[in-house]
Amino acid sequence: MSRRALRTFYNLLALALSGLATAIGLFFLGAILWTLIRNGIGGMSFSVFTQMTPPPGSSGGLLNAIYGSIVMTLIGILIGGPVGMLAGTYLAEYGRSSRLSMVIRFVNDVLLSAPSIIIGLFVYELLVIRMGHFSAIAGAVALAIIAIPVTVRTTEDMLNLVPQGMKDASTAMGAYPWRTITSVIYPAARSGIVTGLLLAIARISGETAPLLFTALNNQFWSSDLGAPMANLPVVIFQFALSPYPNWQHLAWSGALLITLTILVLSVAARIVVSSLAQGGKR
Amino acid sequence: MNPVPVIAPAQAAGQRLREALFRGATFAAALLVLLLLGGVAISLAVGSWPAFAHFKFAFLAREIWNPVTDEYGALAPVFGTLVTSLLALLLAIPVSLGIAIFLTELAPAWLRRPVGTAIELLAAVPSIIFGIWGLFVLAPVLQRHVQPWLIDVLGPLPLVGKLFQGPPFGIGVLTASFVLAIMVIPFISAVMRDVFETVPDVLKESGYGLGATTWEVIWQVVVPYSRTGMIGGIMLGMGRALGETMAVTFVIGNAHRIGSSLLAPGTTISASIANEFTEAVGDLYTSSLIALGALLFLITFTVIAAARFMLLRLDRRALSSV
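Line by line, the protein sequences are chains A and B. According to this note's numbering, the first sequence is numbered sequentially starting from 2. According to this note's numbering, the second sequence is numbered sequentially starting from 1125.
Honestly, the hints are just simulated from the structure, not real lab data. Every value quoted in this text rests on a predicted model; they were computed, and no experiment measured them. Built from N, CA and C at the ideal position, the CB exists for glycine as well.
Label-pair restraints from in silico Cβ distances:
1) A:184 - B:1132: 15 to 21 Å
2) B:1261 - A:51: 28 to 34 Å
3) B:1272 - A:20: 28 to 34 Å
4) A:184 - B:1214: 50 to 56 Å
5) A:100 - B:1348: 29 to 35 Å
6) B:1261 - A:224: 32 to 38 Å
7) B:1232 - A:28: 16 to 22 Å
To be clear about the criterion: a stretch of chain A counts as covered by chain B if any three or more of its residues have a C-beta under 8 Å from a C-beta of chain B, and this derived list gives those stretches:
8) 3-13
9) 25-37
10) 90-96
11) 213-219
12) 259-273
Produce the complete structure using the sequences and hints provided.
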């Protein structure tokens, strides 16, 4: 084979392999979704949303777990969202290039990738031991701590997208920075910040490890924030590994439910971001 | 000439007060981020103290893990964590590189967004989903079709053969690594894609101008230019793999032992904690599990910090998806 033909051959081979790699990645996404739909759709009945988690062998639903997940995710984002937004605001507007901000940015990036089970251990030491028992509020705090770095990062990025001219115009009118931030910068970056919150919700609503030893689980309906509370991820974990077919069916239904929710949130966030990038760039 | 409008002193004072309050609130929130990391480190140190005080350095060096006699050593979980993560990277790096090349150099423009988004969605799937998928779908497939082949073909070989001996359990170190690989592919490929996009077009065009093929431009221009960022992305993926809990807990088999075979069950730090923490009775047992957590924190912190350091050069916005 001539040298030229050999080079062309290597080129085609490498490009074909990279296409194959992409196909492999897409295949696994498809395989997981297909498994979830095939195993989960059969159990997706009305009772999933209206009945409590059953004892082994009898029928039931996931109502208490769905409720618990929603409550803890909401409290988590209500604590973590504002804190993350304020911290992101500091990094983007007040701190900008100070050395402290560099350190905070770095620490935030580390927290962003830190294992969530470590956060669970931290909250266990911080709250569960002091209170003496597992509780929904401890679970919500663990989720909040996971939501904070996500929100800090997206808020800072989105505030940085706001044109400097707008900020300068507001400052030139004699507005204090807080006025500029709340009346000019926040409205301009609103959809971006909402995206960040959506991504944070998507991230924490599937978290299992930090809930294992904070909120634990609860076989029954509970709306007491000071007591253990059922939640979808831990119920899926417990039911999937159980030997009882009815529990396993519910685990698949719960898995389908939670994955669809998260995928919808993620896609929605991306749509907001892309419309923002197209409108905001030029 | 009109008089210049003057703000009443009281109003100005009110504005200054609000400015101080708002600035203070943002600053406090920013400090909280620092405090969180500090708090995590301190609480792990305090919680693991009894275990380290009791076992001294032997905790790090012993394989034993026996709740009955209250004797614990971290060697097996640490070993399992490192082996599964490294093996996962070995599987994930070529695929991630291929995806990044496909998305930046090969795919037509209309295909880039949807394919890129689909790969990113793989990262959004919660780890517990990977866990049940790994246990109920992947493990049986590996047990029936892949592991017997590995045992027959690679098992008798010298040296490497040791890695592929024993019965095909389905679950075990290899399966855990496989699931981890699928989970870190979207992270590594997203970073690599972003790094590749920072390569100046002029460099690539120079390559093409000299008559290089697409592959030659990628391998001899794009990759060398992005080397630091690529390693950063790989280490970021490794940070994910090291701390990944639920997916591994489902498929690793949870055996506190160090086996030479990749097909045998093992355990990792996070899987041990997830499995045993709520059932741990006795202070020493709990403290030993928290000590495992502290080790995990040290390992991941080092890896992630190094990764972020290497990625500092990269435009921060490009990384926001990770």
